[in-house]
Amino acid sequence: MAPILEVRNLVKNYGSTAAVKGVSFNIEEGEIFSLLGPNGAGKTTTISVLSTLLAPTSGDVRVGGHSVVSEPMKVRNLIGVVPQEIALYDDLTAHENLIFWGQMYNLSGKTLTDRVQQVLQEIELADRAKDRVRTFSGGMKRRVNIGVGLLHRPRLLFMDEPTVGIDPQSRRAILDSVKALNRQGMTVLYTTHYMEEAQELSDRVGIIDHGELIALGTQNELTRQVGENDALVLEVGEGENVRQLCEAAKSIPGVVESDTSGSTLTIIAPEAEEILAPVIVQANALNVKIHSVAIQEPNLEAVFLHLTGRALRD
Amino acid sequence: MKKILLIGWKDVRLVFRDRASLILMLAAPFLLTLGLGLVSGRFSGTSSSVISSIPVIIVNQDGGQLGDALVEVFQSADLDELVDPTLQTDAGAARGAVNANESAAAVIIPAGFTDSVFAIEEAPVVEIEVYTNPERPTSSSVIRAIVEGFLNQVELGRVNGIVTITQLIQNGYIQTADAARLGNEIGQRSAQDGSQEALITLQGRADESVDPPFDVLAYMAPGMALMFLMYTVANGGRSILAEQTEGTLPRLLVAPVTMAQALAGKAVGIFFSGMAQMLILIGGTALLFQISWGNWPAVIVLVLAAVFGALGWGLLLTVMAKTPSQVANIGSAMMLAFGILGGSFYDVQAMPGWFRWFGIITPNYWALQGFTNLAEGDGFAGIAVPVAGLLAMGVILFALTVFLFLRRGGLRR
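If you read the sequences in order, they're chains A and B.
Residue numbering for the first sequence follows the working numbering, starting at 1 and increasing by one per position.
Residue numbering for the second sequence follows the working numbering, starting at 1001 and increasing by one per position.
Hints were generated in silico from the structure; no laboratory data involved.
Glycine included, every Cβ here is placed at the ideal spot set by N, Cα and C.
Do not rely on the hints blindly, as some may be mistaken.
[Claimed, not checked] When the alpha-carbon atoms are kept at most 30 Å apart in a straight line, the in silico DSS-like pairs for lysine-lysine are as follows: (1) K179/A with K110/A; (2) K1003/B with K110/A; (3) K110/A with K1002/B; (4) K289/A with K1002/B; (5) K1002/B with K21/A; (6) K1322/B with K130/A; (7) K1003/B with K1322/B; (8) K110/A with K130/A; (9) K74/A with K1002/B.
[Claimed, not checked] Chain A stretches covered by chain B per the calculated footprint, using a threshold of three residues with CB under 8 Å from any CB of chain B: (10) 49-63; (11) 71-85; (12) 98-110.
[Said to hold, decoys possible] If you want a taste of the chain B side facing chain A, the calculated C-beta under 7 Å gives, among others: (13) V1012; (14) R1144; (15) G1247; (16) M1259; (17) L1400.
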C-alpha cells in the first residue's frame, strides 16, 4: 500500500535562509510518526509545507497521492491540522468555534451537529460548550484547538507541538487522546522537542536539526546508532564550574559524549556505573554540588546528543 | 459563496461581541450626535434649526378690524404647527416675557392702527411693534415675516381702495362726500379677505423668505455615523492582520478554503458590520431624536454605497500595513482626517475650493451630500451623484488593493 505521506527532497528557503534542507521521509497509514528536534530545527516550517500553507522551494510532497502544490484542495480534505498556537476565536463559544470550523471543512446539517457533540465529548468539554473560549484555561483551549482538527475525521492529522505551555495533567490528556485517535485508525504526524513524548507515542521518529533530517527509524533502530551506551544524568547547580565539569568528564576513560543543558549534565558511556565515581571526584574538585544522579538506558536524548554533540533542549 | 458568507457572518458576530468596538461603532457616534444636538439647542427648544411651535405674545391694543385680522392670522389653522400665540393686554409684560426668553417675540398692535391705515386724509402713522428675542434669531425672523406679510397685504388693499375710489370719483359714479365711507368699507373687506386667505402659510414661507425646516441633527447624525464608519472598516482591516498573527487565518488556509474565499469573507464581514452600524445609528437617531432621514429606500441605497466606498479604504489600508496595530493607528488618524475633510463636523460647502478638493477623496464628503439632500426632501435623484462617487471610489480602491496584494504575493509580514 502506498504511504499516506511522501516527502521527497523537500527544501524551503526564506530569502537566503534555508529553513528545510532536502528532507525526505514517508509515513504509512495508521502510524504515529514524530518529528523530534529542538526549537528552530524546521519542524513547523516542514508541517506548514506538508499542510499546503507554504509552497515548497523545491522537492515533492504528496498526501494520499495528491501533490500539495498542484492539488492543494484535495490534500486539505484529507488532512487535519492542530497548529502550535491556539488558533481559535476567543469571543465565540467552544460550540460556535467547532461549528464554524466544521463548516469550513464542508460539514453541514445533522452531520455537523452530531460531529460537534462527539468532539465535545472526546475533548471532555461538553459541559463548557456554551462558554466563550476566552474564559477557558490554557489546557482547555488546547483541547478545543485539537478538537477543531478532528472534526472532519481526517486521514492524516498534523499536530505541531500541541503540549507546549500547558500543565502536566492536560499534557497527559493530550498524549492519551493521540494514542486513542491512532487506535481508531488515524495516522498522526506529531512534532515535538520533548524526547519523552516522541518516545511514548511514536512508531517511528525522524530527528530534525538545522533543517536536516539527521536520523529516521523506529526507536530501537535509532538507539542502536549510539550502541549500548547508557546515559548518566546529573542534576547540578548552574555556572561556569558545570561547564568545566562537562569538559573534564570527556577526559574520563569510557565517556563517549558529555553535554550540559541548564542544570542538567548528561554523560554517555557504555557502563554508566563505572564512570560515576570519577565524575563525582571531578565534581568535588571543581566544587560542583550534585543534587541527583540517574542512569538511563539508551534513549532518543542520547541519540540526539550522539548525532549533534548537543543536548536536545539546547 | 457559502463559505464567504459564513466567514462574514462569523466576523459580524465577533465585532458585535466586542465591547470596545461597540463603544466606538455605536455609543460614540450616538453620544457625539446627542452632544452636538445639545450644544446647538436642538433638544432645549432654543435651536434656530427646528422651526415649529414658536411662542409669540400678541398684544392687540387696536381693537379695530386690522388688529383683529392680524390676531386671526396668528391663530389660523395654517400656522397652528408653526406658531404658538398667546394674547396679552400689557405690552410691558409682553416685552418682559421676551426678555426672559419665554417667547420668541411679542407683536404689539397699538391703538389706532386700523384708523391710521383707513384714513383717507393725512393721519399720524401708527406702527406695529415686533419685539424680538435675539437668542432666537430664526424664530424671531419668522414672526417678523408673518407680520410683514400681513402688512404688505394690508398696504396692497389700501392702495387698491384709493385707486378704486379715485377712479369712481373721476368717472362721476360717486360723490367726494361718500369717499371716506366707501374707502372704509373696501378696507374692512380687504382686511377680512386677507385674514381668510391666510396671509402667511407654511408652504408660502418655504417658497419665499424663510429657509425650509431643516433639522441640524439630520446633518450631524450622518456626519458622526460616517466618521465612525471609518473606524469600523479600519477595525475590520485590522482583524485581517490580527487573524494572520493569531493563527486563525493560516488555519483557514489549511482547510478547504482558498485565499480568495478567506479574504472575500473578511471583506463581506466588514461590509455587513458597517451596514449594521449605519442602520442601527440611523434607526436609533430617527426614533430617539426624531430625525427625519428622508426617503428610506434611498437612505438604504446611499448607506450601501457609503459602506462600499469606506470598505475600499479599509482594505487598502490593510494591504499597505504590516501589523494590526499599524492599521489601528493609521485607521484612527484616517477616521479623524476624513471626518474633518469630508465635512462630518461642518458644512464643507462653506470652505475654500482647495479644501473641498481634498474632501472628494473621502466617503464622508459624498455620503453627507446625499444624506443632506435626502433630509431636504429629495428622492433617488438627490443621491445619484453621491452614490456614483462612492461606487467609483470603492471600485478604484478595490482595484488598487488587489493590485498591491498580487504584487506583494499576499499580506505583508
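To see whether the hints hold, each was checked on the structure:
About 28 Å separates the Cα atoms of K179/A and K110/A, which keeps this hinted pair within 30 Å; it holds. Distance hint between K1003/B and K110/A is fulfilled; the C-alpha atoms sit about 18 Å from each other, no more than 30 Å. Of the supplied pair hints, the one linking K110/A and K1002/B holds, its CA atoms being roughly 17 Å apart against a limit of 30 Å. Taking the CA atoms of K289/A and K1002/B, the gap is near 66 Å; set against the 30 Å cutoff, the hint is violated.
Restraint check: the Cα-Cα separation between K1002/B and K21/A comes to about 40 Å, which exceeds 30 Å; the hinted pair is violated. Among the hinted pairs, K1322/B with K130/A is inconsistent with the structure: their alpha-carbon atoms are about 35 Å apart, more than 30 Å. With a C-alpha separation of about 26 Å, the suggested pairing of K1003/B with K1322/B holds against the 30 Å cut-off. A C-alpha spacing of about 19 Å is found between K110/A and K130/A, which places the hinted pair at or below 30 Å, so the restraint holds.
A threshold of 30 Å between alpha carbons decides the hint, and for K74/A with K1002/B the separation of about 19 Å falls inside it, so the pair holds. Beta-carbon proximity to chain B at under 8 Å applies to 3 residues in the segment 49-63 of chain A; the threshold of 3 is reached and the given coverage holds. For a cut-off of 8 Å, the count of residues in the segment 71-85 of chain A with a CB near a CB of chain B stands at 7, and the three-residue condition holds. Residues of the segment 98-110 of chain A with a Cβ under 8 Å from some Cβ of chain B number 6, which satisfies the need for three, so the listed coverage holds.
With a cut of 7 Å, the hint placing V1012/B at the interface with chain A is violated, because the nearest CB-to-CB distance is about 12 Å. Hint status for R1144/B: violated, given a least beta-carbon distance of 59 Å to chain A, over 7 Å. The criterion of a C-beta within 7 Å of any C-beta in chain A is met by G1247/B, whose closest approach is roughly 4 Å, and the hint holds. Using the Cβ-Cβ criterion of 7 Å, the hint placing M1259/B at the interface with chain A is not satisfied: the shortest such distance is roughly 10 Å.
The criterion of a C-beta within 7 Å of any C-beta in chain A is not met by L1400/B, whose closest approach is roughly 26 Å, and the hint is violated.
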